[in-house]
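Could you put together the complete structure from these sequences and hints?
Sequence order for the protein chains is H and E. If you're matching positions, the first sequence starts at 9 in the working numbering and goes up one per residue. If you're matching positions, the second sequence starts at 4 in the working numbering and goes up one per residue.
Please note: incorrect hints may appear among the correct ones.
Listed below are the simulated DSSO-like cross-link pairs for lysine-lysine, each with C-alpha atoms no more than 27 Å apart in a straight line [stated by the list, open to error]:
no.: 1; chain 1: H; residue 1: K331; chain 2: H; residue 2: K312
no.: 2; chain 1: H; residue 1: K127; chain 2: H; residue 2: K91
no.: 3; chain 1: H; residue 1: K158; chain 2: E; residue 2: K308
no.: 4; chain 1: E; residue 1: K299; chain 2: H; residue 2: K95
no.: 5; chain 1: E; residue 1: K223; chain 2: H; residue 2: K91
no.: 6; chain 1: H; residue 1: K261; chain 2: H; residue 2: K212
no.: 7; chain 1: E; residue 1: K308; chain 2: H; residue 2: K72
no.: 8; chain 1: E; residue 1: K299; chain 2: H; residue 2: K158
no.: 9; chain 1: H; residue 1: K127; chain 2: E; residue 2: K308
no.: 10; chain 1: H; residue 1: K273; chain 2: H; residue 2: K261
no.: 11; chain 1: E; residue 1: K308; chain 2: H; residue 2: K134
no.: 12; chain 1: H; residue 1: K331; chain 2: H; residue 2: K261
no.: 13; chain 1: E; residue 1: K223; chain 2: H; residue 2: K132
no.: 14; chain 1: H; residue 1: K72; chain 2: H; residue 2: K293
no.: 15; chain 1: H; residue 1: K273; chain 2: H; residue 2: K312
no.: 16; chain 1: H; residue 1: K91; chain 2: E; residue 2: K299
no.: 17; chain 1: H; residue 1: K158; chain 2: E; residue 2: K6
no.: 18; chain 1: E; residue 1: K306; chain 2: H; residue 2: K158
Source of the hints: derived by calculation from the structure; they are not laboratory data.
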Amino acid sequence: MSEYLVNIEHERLSFFTPAGEVKALNDVSIRIREGEVLGIVGESGSGKSVTAYSLMGLTAYPGKLLGGTLDFNGHRINDMTEKQMQKIRGNEVSIIFQDPMTSLNPVFTIGNQIREVLKLHTDKSKSEIQDRARELLQLVGINEPDRRLKQYPHELSGGMRQRVMIAIALACEPKLLIADEPTTALDVTIQAQILELMMELKDKLGMAIMMITHDLGVVASMCDHIAVMYAGNIVEYGETDDIFYNPKHEYTKGLLRSIPRMDSKEHERLVPIEGTPVDLLNPPKGCPFASRCDQCMRICLREKAPVTHFGETHYSTCWMNQKAELEGGKRQ
Amino acid sequence: MAKYIVKRIGLAIVTIWVVATLTFFLMNFVPGGPFLSEKAVSPKAMAALEEKYGLDKPLWEQYVTYMTDALHGDFGASLKQRGRTVMSIITSKFPVSARVGGLAVLAAFCIGVPLGCFSAMNRGKALDSFIIVVATFGIAVPSFVVGTVLMYVFSVRLGWVSSLGLKNWTNYILPVTALAFYPTAYITRLMRSSMLDVLGQDYMRTARAKGLNQIISLFKHALRNAILPVVTYMGPLLAYTVTGSFIVEKIFTIPGLGGEFIGSISNRDYTVIMGTTIFLASLIVLMNVVVDIAYKLIDPRIKLK
Chain H
9 MSEYLVNIEH
19 ERLSFFTPAG
29 EVKALNDVSI
39 RIREGEVLGI
49 VGESGSGKSV
59 TAYSLMGLTA
69 YPGKLLGGTL
79 DFNGHRINDM
89 TEKQMQKIRG
99 NEVSIIFQDP
109 MTSLNPVFTI
119 GNQIREVLKL
129 HTDKSKSEIQ
139 DRARELLQLV
149 GINEPDRRLK
159 QYPHELSGGM
169 RQRVMIAIAL
179 ACEPKLLIAD
189 EPTTALDVTI
199 QAQILELMME
209 LKDKLGMAIM
219 MITHDLGVVA
229 SMCDHIAVMY
239 AGNIVEYGET
249 DDIFYNPKHE
259 YTKGLLRSIP
269 RMDSKEHERL
279 VPIEGTPVDL
289 LNPPKGCPFA
299 SRCDQCMRIC
309 LREKAPVTHF
319 GETHYSTCWM
329 NQKAELEGGK
339 RQ
Chain E
4 MAKYIVKRIG
14 LAIVTIWVVA
24 TLTFFLMNFV
34 PGGPFLSEKA
44 VSPKAMAALE
54 EKYGLDKPLW
64 EQYVTYMTDA
74 LHGDFGASLK
84 QRGRTVMSII
94 TSKFPVSARV
104 GGLAVLAAFC
114 IGVPLGCFSA
124 MNRGKALDSF
134 IIVVATFGIA
144 VPSFVVGTVL
154 MYVFSVRLGW
164 VSSLGLKNWT
174 NYILPVTALA
184 FYPTAYITRL
194 MRSSMLDVLG
204 QDYMRTARAK
214 GLNQIISLFK
224 HALRNAILPV
234 VTYMGPLLAY
244 TVTGSFIVEK
254 IFTIPGLGGE
264 FIGSISNRDY
274 TVIMGTTIFL
284 ASLIVLMNVV
294 VDIAYKLIDP
304 RIKLK
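Printed below as a string of structure tokens:
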């Protein structure tokens, strides 16, 4: 078994829609060690969720994997059939979604929906399953589990429902938990509780977490590594500190300028990133961020930037990092 | 729940009373009467007939008399069919219509629901398009065309089944098919669109993410949510279909209740008009209560107040 739990290399994936080929992922590589937390940040449509879903084999039709390899926990996801994937989903890898209000089926009780996943992946007896369901609810901090198990989703609050989703996801003690913007739909105090709960459970159960978010505050406090995505590319990847204190891509810098800081002067303004995201039906030839970049150079529009490495894990794809070399090269 | 049912029954009585009252007065305000025909009836005979059935009394008094009798379960005698009471007409003809109509509704449900699900699951593929085209055709073609064509092909040309009456079970095939044609097509379309809606819901994604296979996620998670619009449609459909279709009964010469509705109106058979209308109204009201209760059982979010 490789040293990584998740090893995605050079993944390219497109959605073939009636309007044309939407290039959702262009050369995405991601590695996660056991028990590690990786944050994937980026704006809507940057390919964060698609990366995660493709790892679970949930991008079928009209999505199509065009290249690259996806390895997870000793499985080569590319070669697996739907039936084999069903054995992994909810078992070795689980996911919690953005909107807990709609992610639970309204016509079944909480208990039914938790027991379902246990029935599917374990050969426990009925009473063992019931005990485990009760235990899971306690694990995610829900009181009176016996009463809650009999309730329907509409009888619970949003935060409570997300806890139930986490309980379902953790039922079979997965190796990897994918959290697809788990707190976006919740109010701020509940957000903090849910994140705290996730970290607590990570330590208790030793699973890895892939945290998809556009909230930089969330990744800063939780993640070991961060991947910054833009238009289906990973534009910068590194340890959390690298990304926050030593950003090497103009998009990352822009993101950091657009969030409020605790140590800012009184009247400091936030700097938004101007412009609109790229159209993935017709992605630009050069750097996808070029049209919105303050530092855009001629070469940025013509060619994709090569990967520049800074230290062991930190890398970025920005021509600015090559600037010194390029200018030096010209002079010679 | 019990409180709700009691309340609904109270409301049902009011509804039926309103329907009965409106029908009674509308029927009487329309010019003409039961004993007018091409053959002139002598004024004396007319007066005698009107007196016998109480039609010479002021309208208000007729209304009160009718309602009082109806409350006691007496819907009067037919004005045109000698020696038959309205009750006996309904009790003898309704079972015939109910058998044919009930089978038709059952067939429509059992074919329409799976077909709609199947179509939704194969959205955009050739089979889906085929099902939509056939369903649209089924909705567009009126039952008298379906009935006539069926009869011509299977009875007259091929001679597989007898075309008239309801002597044995094979006689049921054609009228039931003719009656089920439209609702099957309608349920298919209803089920397809509602299933498509449900398949796009977040909880279906959750079901897949849990590792459920397509069959279980469809039957367990999708069907129960998607069937609600069909249930809504089933209530009135059942009420209308079991009380018989005039057209289908005429084509296949079925002695059902459907003919009585139309026949009583053209004959101005006041008591039969009232009786059949109240019967249909009661059935519809009853079916609506049943639908509401079914709703509650299917979707726990619905509160019956």
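The hints, checked one at a time:
1. K331/H to K312/H: Between K331/H and K312/H the Cα gap is close to 14 Å, so the pair holds against 27 Å.
2. K127/H to K91/H: holds (17 Å)
3. K158/H to K308/E: Since the Cα atoms of K158/H and K308/E sit roughly 22 Å apart, the hinted pair holds (cutoff 27 Å).
4. K299/E to K95/H: violated (35 Å)
5. K223/E to K91/H: Holds - the C-alpha atoms of K91/H and K223/E are around 18 Å apart, at most 27 Å.
6. K261/H to K212/H: Distance of about 35 Å is beyond 27 Å: violated.
7. K308/E to K72/H: violated (49 Å)
8. K299/E to K158/H: holds (17 Å)
9. K127/H to K308/E: violated (36 Å)
10. K273/H to K261/H: Measuring from Cα to Cα gives roughly 19 Å; hence the hint holds.
11. K308/E to K134/H: Roughly 36 Å between the alpha carbons, so the hint for K308/E and K134/H is violated.
12. K331/H to K261/H: holds (17 Å)
13. K223/E to K132/H: holds (21 Å)
14. K72/H to K293/H: holds (22 Å)
15. K273/H to K312/H: Measuring from Cα to Cα gives roughly 37 Å; hence the hint is violated.
16. K91/H to K299/E: Violated, at about 36 Å.
17. K158/H to K6/E: At roughly 24 Å apart (the allowed maximum being 27 Å), K6/E and K158/H satisfy the hint.
18. K306/E to K158/H: holds (17 Å)
Checked against the numbered hints above, the structure violates hints 4, 6, 7, 9, 11, 15 and 16; every other hint is satisfied.
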